Amino acid sequence: MTRTTPRTSLLASLALLALCVHVGVPLQGQAQTERRVVRIQTLNVYDILYILRGGSNSLAMMRDDGVVLVDSQPAGWTAPLLETIETVTDQPIRTIINTHAHRDHAGGNVALATATDIVAHANARTRMATYAEFAGANAKFLPNRTVTDRLTLFSGPDQVDLHYFGKGHTDGDLVVVFPGKRIAHVGDLVWPKAVPVVDLEAGGSALALPETLARAVAQLTNIARVTTGHDGGPASSSNPNADSATRSPRTLTWAEFQEYADFTRDFVAAAREALAAGKTVDQASATLQLPARYKGYDLSNARATIEAISRELGR
Numbered sequence: 001m002t003r004t005t006p007r008t009s010l011l012a013s014l015a016l017l018a019l020c021v022h023v024g025v026p027l028q029g030q031a032q033t034e035r036r037v038v039r040i041q042t043l044n045v046y047d048i049l050y051i052l053r054g055g056s057n058s059l060a061m062m063r064d065d066g067v068v069l070v071d072s073q074p075a076g077w078t079a080p081l082l083e084t085i086e087t088v089t090d091q092p093i094r095t096i097i098n099t100h101a102h103r104d105h106a107g108g109n110v111a112l113a114t115a116t117d118i119v120a121h122a123n124a125r126t127r128m129a130t131y132a133e134f135a136g137a138n139a140k141f142l143p144n145r146t147v148t149d150r151l152t153l154f155s156g157p158d159q160v161d162l163h164y165f166g167k168g169h170t171d172g173d174l175v176v177v178f179p180g181k182r183i184a185h186v187g188d189l190v191w192p193k194a195v196p197v198v199d200l201e202a203g204g205s206a207l208a209l210p211e212t213l214a215r216a217v218a219q220l221t222n223i224a225r226v227t228t229g230h231d232g233g234p235a236s237s238s239n240p241n242a243d244s245a246t247r248s249p250r251t252l253t254w255a256e257f258q259e260y261a262d263f264t265r266d267f268v269a270a271a272r273e274a275l276a277a278g279k280t281v282d283q284a285s286a287t288l289q290l291p292a293r294y295k296g297y298d299l300s301n302a303r304a305t306i307e308a309i310s311r312e313l314g315r
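The sequence shown runs 1 to 315 under this note's numbering.
If you are wondering where the hints come from, they were derived from the structure by calculation, not from laboratory data.
Since we're looking at a predicted model, the values are computed, not measured.
Heads up, some of the hints might be wrong.
Derived DEER-like restraints, expressed as beta-carbon distance ranges [to be verified]:
1. 113 <-> 152: 45 to 53 Å
2. 83 <-> 117: 43 to 51 Å
3. 131 <-> 64: 31 to 39 Å
4. 313 <-> 150: 28 to 36 Å
5. 90 <-> 269: 47 to 55 Å
6. 132 <-> 291: 42 to 50 Å
7. 144 <-> 276: 23 to 31 Å
8. 298 <-> 207: 44 to 52 Å
9. 64 <-> 315: 51 to 59 Å
10. 156 <-> 219: 18 to 26 Å
11. 154 <-> 303: 22 to 30 Å
12. 154 <-> 221: 12 to 20 Å
13. 273 <-> 159: 53 to 61 Å
Here are the simulated lysine-lysine pairs, DSSO-like style, with alpha carbons at most 27 Å apart [unchecked claim]:
14. 193 <-> 279
15. 193 <-> 181
16. 279 <-> 295
17. 295 <-> 193
Cβ atoms here follow ideal geometry from the backbone N, Cα and C, with glycine treated the same way.
Kindly produce the complete structure, drawing on both the sequences and the hints.
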């Protein structure tokens, strides 16, 4: 069985040269030179899995029967997203996996009419159903398959395992694993080398996040690389219209992912200790003591996360 179209095979070969394609459309009401750009890059040599960097990070697996898209980007990013995907396949998007409910990862669902299978955690679907953009006829763009613990899609080299390890960024964060490719996509559970971002209103928990990541470390096996929902700290998503070429694209090694799990544990422990000593949120964030191994981590979001910890502790 041929796994790619002839056009895909040719362009996938070009990807061996670390192909990066920039496709953009001008923002409404702005100069022609200001463009939304989606960058595409292979994750495995001779493979059909790509990372797409635009308003957030997506993954796309190019199957013969259609594209599997992990996260649909924010609303307004559909045109450059589709144009970029079309550089490597003629197939439409058939499956969408939403790692969580936030609009910068699920907002593009409503513009992807070819998707027939939309998958998310049950909590994420419940939250998405409250969004105005999914009301009325657009309810068809809500997830029609939900995960509570684990779900497997496809088989063989294209197998995709969806895991829920517990609360963290929200209460519906999926970890998307491609076991045949030794890649895990963790969405916004991880902010590389930066303090985690927790949305309490979306059911997230700073206190639970270290245990959630510890379960992922303990249960996932044979993973070589980890991709994330954003490339850097929280500032990287503050301006989703910025050219993604200005960011620092990277994937994490398994060792770096383990270190990040340790970081969240040590960060939460240090914050709890400071708050228990009577410090205010401002004082705790200004005097936070962390092990030297985390030198170089971006602590710009420390106050917001310590405030979340304080709220969870009822202070």
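For each hint, the structure was consulted:
1. 113 <-> 152: 45 to 53 Å: Given range 45 to 53 Å: violated, Cβ gap about 26 Å.
2. 83 <-> 117: 43 to 51 Å: violated (23 Å)
3. 131 <-> 64: 31 to 39 Å: Given about 33 Å between the Cβ atoms, the range holds.
4. 313 <-> 150: 28 to 36 Å: With a Cβ separation near 31 Å, residue 313 and residue 150 satisfy 28 to 36 Å, so the hint holds.
5. 90 <-> 269: 47 to 55 Å: holds (51 Å)
6. 132 <-> 291: 42 to 50 Å: holds (45 Å)
7. 144 <-> 276: 23 to 31 Å: violated (46 Å)
8. 298 <-> 207: 44 to 52 Å: violated (21 Å)
9. 64 <-> 315: 51 to 59 Å: Holds, since residue 64 and residue 315 (Cβ atoms, about 55 Å apart) stay within the stated range.
10. 156 <-> 219: 18 to 26 Å: holds (22 Å)
11. 154 <-> 303: 22 to 30 Å: violated (43 Å)
12. 154 <-> 221: 12 to 20 Å: holds (19 Å)
13. 273 <-> 159: 53 to 61 Å: Violated - the Cβ-Cβ distance for residue 273 and residue 159, about 43 Å, lies outside 53 to 61 Å.
14. 193 <-> 279: Cα-Cα ~25 Å, so holds.
15. 193 <-> 181: holds (24 Å)
16. 279 <-> 295: Status holds; Cα separation ~23 Å.
17. 295 <-> 193: Between residue 295 and residue 193 the Cα gap is close to 9 Å, so the pair holds against 27 Å.
Hint check: violations occur at hints 1, 2, 7, 8, 11, 13; the rest are consistent with the structure.
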